[in-house]
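Chemist: What follows is the residue order along each chain.
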Amino acid sequence: MADGELTSAASCSTVPTIEPDSSSHSSYQAQRRSLLLAVAGAAAMTMLPRWLVPIAGAQPPATAVTDDLNKFLSLSKLLTGRPQLDTTVGQRLYALLGTTDRGFAHKAAQLWQQARLLKPADAAALQMAVKNDPALSATLMSIVGAWYRGGTLGTQPGQSSRVVAYEMALGNNVVRDVVTIPSYCRAAPGYWKTNPALKPGQAVVA
Amino acid sequence: MANTESADIVVVGSGVAGALIAHQLASSGASVLLLEAGPRLERWRIVENYRNTPFKDDYSSPYPPAVHAPHPQYAPPNDYLILKGTHKYNSQYLRVVGGTTWHWAAATWRFLPVDFRMQSTYGVGRDWPLAYQDLESFYAKAEIELGVSGPNDGTDLGSPRSRPYPMDALPLSWNDQRFQEVLGGNGFRVVSEPVARNSRPYDTRPTCCGNNNCMPICPIGAMYGGIVHVEKAERAGARVLANAVVYKVELDAKDHVAAVHYKDPAGVSHRVSGRQFVLAANGIEIPKLLLMSTDKYSAGVANRSDQVGRNLMDHPGTGVTFLANEDLWPGRGPMEMTSIVNLRDGDFRSGYAGKKLHLNNGARVRQATETALGMGLVGPALDAEIRRRAARTVNINSFHDILPNPYNRIVPSSSQRDALGLARPEITYSIDDYVQKSAVHTHEAYAQIAQLFGGTEIYFDDEFAPNNHIMGTTIMGSDGNNSVVNADCRTHDHDNLWIASGAVMASAGTVNCTLTIAALALRIADALQKEAA
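Chains as they are written, first to last, in the working numbering: chain Y, 1 to 206; chain E, 1001 to 1533.
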């Protein structure tokens, strides 16, 4: 993942945001943010634009992480095939899905029960196992969709469309070795002229 | 009513046209007041709005319409424009300080010389009362003001140049390179598009680093927007008044404009007097304002010809989307870099519209993700499908040259009002055979291109979509009986009223209209300076 483009991306990224702990470049970003904040000084904190101020409770204390949320995160890891997922994003998505569908928490718990019971090897196996249950199938896809979209896309009347994690949406993550996340800068100007099929070591950054 | 404000030059509308004029006149020492209906937005806020909106396909979404100065929004719809006729003119524009060039592809094309002479060359449409060579030096000046990068390698785009582009073109993306290679030998001429996007640091703004977000917002200001000249105008001494919704043009006994009247967000009316007045509030809001100003003439201001609000044009667009048989990876670099230009002109224009086709280099990841999720995929199969579609999706769109037609028009609604009690724009629009015939040919060209890429899942979007190039509604001409402004963009009826907008354009041509608007605005600025001298 940390190819030449991403390495230089950090140097011209315009907006630091919450980074996933699992990201290979989070330490650089964290340092950069610390530096920014240190320079700004505590007194100047109130002067910072909202997006530069770390969101309060971005990494909640363990006691605040509910059992339900932990189950949701475990279920999400199975459904997305990702061993690590960001807790803050998970917290936001869990809350969001609950507002979109009042029965969500219950159905998610049911899905988790199924997973515990059946011990499916992967998401596809669980999907297959619940395929005759329309409600659970829909819940499964809504969880997958939320992680890949970084939010919800209301497809039914009354459903809300909301983004809670733009750059950390897994849809973006899937291609982040090649395509910039729109509005972010991934590398030095002109990087785009090279054939992205070239291996990172072969990539020539202008 | 007492004056609230007064200035030598009063400019209504703070987009690229109004801002260029305000800047030049303020720099020459005139007192300039720039009135803008909408609020002032900061770039960082627009960027965050973009990232947080679930409606990323609606470029207006990061610019929430002000209650007191609404602009069209489609997701979710706010129904600001009342749309009638066989084709919906569901255009977008922004009512914010800096105007609609906050979001655009930054394409800065010049017209072809023949675009100014459609009637005398092809027997269709109208001739402009000025020629390409009258505008050439202003095109060149506009390219410097906006900061245009273009093909300085000798590529002939058909519009003779007195000087090179201020900046060389950015290197093409892999996607655009392949497009050029594959199409080049097969009857299509694919060129680097001139764009107001920095290929090197220019005018205190940075080099484009490919954020792939020109629409709806360039996060780093490498792409030009009208806000650049708003801020320059302010530094030169112009005053900018945001949230000032001009609703009336007041004439004096001699038919000079004496003042304009605006409402603030609380609905309180204010009067602004001045010596010269420039309307630069786009081709929908300008005619609406003129037609609403009925205190002296029931037909409105500047409307002796009955042409105000008529001849509404755009570039009706169709598109095609397909999957190529190779990985192209759109989404690297700027959103648009190349165009097909060999269909812009020819004898066929006596029978059907010329056009420009352009490749979309915007990332397709969101669409790929939605499609793959819609297929019910999960796990590695989902990831693989997203990658396949993100790498291979080709999307091409087009601009067709529509002819000015007096029945295509905008009027202030007689019944529908906005929050300030002002009429909403009502638009009646139809796309005639001249464009429809051309679109049939465009469809064939799309099919050929798809075939060249071994295309699968070919989806033709044959329904005409507007491209937010609002033109024609205060049309330029030499005869005051059938046109609204003269060759200098001065209204025939009122000698201190000028119009800086695509509204004056007498033909639509086949290319984005912003550079022509900017060139005409700079020409107005020169004329105003001479008047003052």
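Rather than coming from a laboratory, the hints here were simulated on the basis of the structure. Incorrect hints may have been included.
Residues from chain E that face chain Y, not an exhaustive set, calculated with beta carbons under 10 angstroms [as the list claims (entries may be wrong)]: (1) M1337; (2) D1383; (3) A1384; (4) A1419; (5) L1420.
Short, incomplete list of chain Y residues facing chain E, as computed with Cβ under 7 angstroms [to be verified]: (6) N70; (7) G81; (8) P83; (9) L118; (10) K119; (11) P120; (12) A121; (13) V163; (14) T180; (15) P182; (16) C185; (17) N195.
Positions of the beta carbon are idealized from the N, C-alpha and C atoms, including for glycine.
Chemist: So, for every hint listed, does it hold in this structure?
Modeler: Each hint, compared with the structure:
no.	hint	verdict
1	M1337	holds, 9 angstroms
2	D1383	holds, 5 angstroms
3	A1384	holds, 9 angstroms
4	A1419	violated, 25 angstroms
5	L1420	violated, 29 angstroms
6	N70	violated, 21 angstroms
7	G81	holds, 5 angstroms
8	P83	violated, 13 angstroms
9	L118	violated, 15 angstroms
10	K119	violated, 16 angstroms
11	P120	violated, 11 angstroms
12	A121	violated, 10 angstroms
13	V163	holds, 5 angstroms
14	T180	holds, 5 angstroms
15	P182	holds, 4 angstroms
16	C185	holds, 4 angstroms
17	N195	holds, 5 angstroms
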